[in-house]
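S.K.: Whole structure, please, built from the sequences with the hints as guidance.
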Amino acid sequence: MHLFISLTVNEFIKAIYDREVWQAIFTSFIGASLSTFFGCLTGIPFAYILSRYDFKGKKILESIANLPVVIPHVAVGIILISLLSEKSFWGHFFSYFNLSFIDTIYGIVIAMAFVSISYIITSALIGFESVDRELEMVSRTLGATAFYTFWHITFPLALPAIIRGAILAFARAISEVGALLILAYFPKTAPIIMYERFEQYGLKAAHPVTVLVVFFSLIIFFVLLYFSKRHAFR
Amino acid sequence: MLSVNFKKTLSNLCLDIAFEIPKYSYSFILGPSGAGKSLTLKIIAGLIKSKNASIKWDGKEIGKLPPEKRQIVYLPQNLALFPHKTVYENIIYTFKSRHLSINKDLVEKVIEEFQISRFLNRYPQNLSGGEKQRVALARAIVAQPRVLLLDEPLSSLDFHLKMHLIEFLELLKKDFHITVIHVTHDPLEAIKLAEKLFILEKGKIVFQGHINELFQAEITGFGQRILEVLKRLKISLNGI
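Protein chains in written order, with the working numbering: chain A, 1 to 234; chain B, 1001 to 1240.
Since the hints were derived computationally from the structure, they do not count as laboratory data.
Among the hints, a few may not be true.
Claimed, not checked - Keeping only pairs whose Cα atoms sit at most 30 angstroms apart, straight-line, the calculated BS3-like set for lysine-lysine is:
| id | chain 1 | residue 1 | chain 2 | residue 2 |
| --- | --- | --- | --- | --- |
| 1 | B | LYS1162 | B | LYS1023 |
| 2 | A | LYS229 | B | LYS1132 |
| 3 | B | LYS1049 | A | LYS59 |
| 4 | B | LYS1060 | B | LYS1196 |
| 5 | B | LYS1231 | B | LYS1192 |
| 6 | B | LYS1023 | B | LYS1202 |
| 7 | B | LYS1204 | B | LYS1008 |
| 8 | A | LYS56 | B | LYS1104 |
| 9 | B | LYS1049 | B | LYS1085 |
| 10 | A | LYS58 | B | LYS1008 |
| 11 | B | LYS1049 | B | LYS1202 |
| 12 | A | LYS56 | B | LYS1007 |
| 13 | A | LYS58 | B | LYS1085 |
| 14 | A | LYS58 | B | LYS1049 |
| 15 | A | LYS229 | B | LYS1173 |
What the hints assert, rightly or not - If you want the footprint, here are the derived chain B segments under chain A, 3+ residues with CB under 8 angstroms:
| id | segment |
| --- | --- |
| 16 | 1082-1090 |
| 17 | 1094-1106 |
Note that CB positions come from ideal geometry on N, CA and C, so glycine has one too.
M.R.: Pasting the structure below:
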């Protein structure tokens, strides 16, 4: 609250007309949306396999899925840059497809996805585990294939938990700064702009940008919360 | 005719099952907890795999088919009504899942006979225990299975409700041509409905035959206890 009250109208208007700030907010939004999308695309099937199948190395995979939460984010940036720089094997490999991760939107997406995917996997895992297996069994004996059962029984019942995980992942991704400082400083995201203004010009310069970013983040958060409540099953 | 023959070894149980059930009959499997009753039903339905299991319907092997192709419906103790679907959506699920058009005559007949028209638009969590049981039975019948497997469906009900639902199960015997295997540990359900009785103990069938044949059988263990209860129940029912 103090953040909003202590800002003058002039400062706020100035921030609104700051094109660099809007570009940074846009970059953050696109980066977080794409990273959440790819996180869901890979994390949901991964969580489903963990919840429904027993195999050797399952515990190790579960632990690996939680690793990004415990690794310091600057370290994540260093790990990713050593994996994806053009001199590395993967960097060389991706260069054939004209894909570079250093100071590009792809770098932002991969860094955001790395730090946020654990939230999707953990929530989806809880969601799938909470679905009674006997519902799936009955569905199969009523004539549904395993695929139909997944889409019409398992997935809808796990969806509220998955949405909660996706919101958390999106929030985590949009606020990422540590890994981005190392891997993809450009194009600048909103937290990078705030950090840069604070570092270069001090608190007064960072304040209007911060208000705008927090305001925008809150809007996104409440919109997502609204949709998640609509999907919460009766 | 349904023929079942399989062996399944678990860490604490060795199931060795072989029996035959006439078409459209109502059979009971009675047994103590841990005897392998539910496991037997799940293997028949194809929900648990068992190597070399032979499940034959009219002499044709169906044991290799996936659960959705066997036309064997399994109804567990908790009924497993889909909580995100209304009662009506639960009932017609079998048509949707098989991409078939809804057999309206059958659906209407079942809805009427099971007296569920009042709450078709409700969700399962807003139904009473007895209503849930009726919806689950209706959903199973609408699927027109060859065999209906009931896994202790009445175990959580009080005596009054149980007797009420037994009337619906009798309806199932009379009006719908379905072969039923009903698993329970309550001899009362069996004495009212059973045409054929199996007693399962430690994974083995220790008795099979008509319920009256049990009175002449020399049986020990759980079967002996069932026999004593049945004798007492018969005396009480005769008294009534």
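S.K.: Against each hint, give a clear statement of whether it holds in the structure.
M.R.: To see whether the hints hold, each was checked on the structure:
1. B/LYS1162 to B/LYS1023: It holds: about 26 angstroms lies between the C-alpha atoms, which stays within 30 angstroms.
2. A/LYS229 to B/LYS1132: holds, 27 angstroms
3. B/LYS1049 to A/LYS59: At roughly 25 angstroms apart (the allowed maximum being 30 angstroms), A/LYS59 and B/LYS1049 satisfy the hint.
4. B/LYS1060 to B/LYS1196: holds, 22 angstroms
5. B/LYS1231 to B/LYS1192: With a Cα-Cα distance of about 13 angstroms, the restraint between B/LYS1231 and B/LYS1192 holds, given a limit of 30 angstroms.
6. B/LYS1023 to B/LYS1202: holds, 27 angstroms
7. B/LYS1204 to B/LYS1008: holds, 11 angstroms
8. A/LYS56 to B/LYS1104: violated, 49 angstroms
9. B/LYS1049 to B/LYS1085: Distance ~29 angstroms between B/LYS1049 and B/LYS1085 Cα, so the pair holds.
10. A/LYS58 to B/LYS1008: holds, 26 angstroms
11. B/LYS1049 to B/LYS1202: OK: B/LYS1049 and B/LYS1202 at ~20 angstroms, within 30 angstroms.
12. A/LYS56 to B/LYS1007: At roughly 26 angstroms apart (the allowed maximum being 30 angstroms), B/LYS1007 and A/LYS56 satisfy the hint.
13. A/LYS58 to B/LYS1085: This hinted pair is violated, its Cα atoms lying about 33 angstroms apart.
14. A/LYS58 to B/LYS1049: holds, 22 angstroms
15. A/LYS229 to B/LYS1173: violated, 45 angstroms
16. 1082-1090: Coverage by chain A holds here, the residue count being 3 at a Cβ distance below 8 angstroms.
17. 1094-1106: holds (count 4)
Comparing the model with each numbered hint stated earlier shows that hints 8, 13, 15 do not hold.
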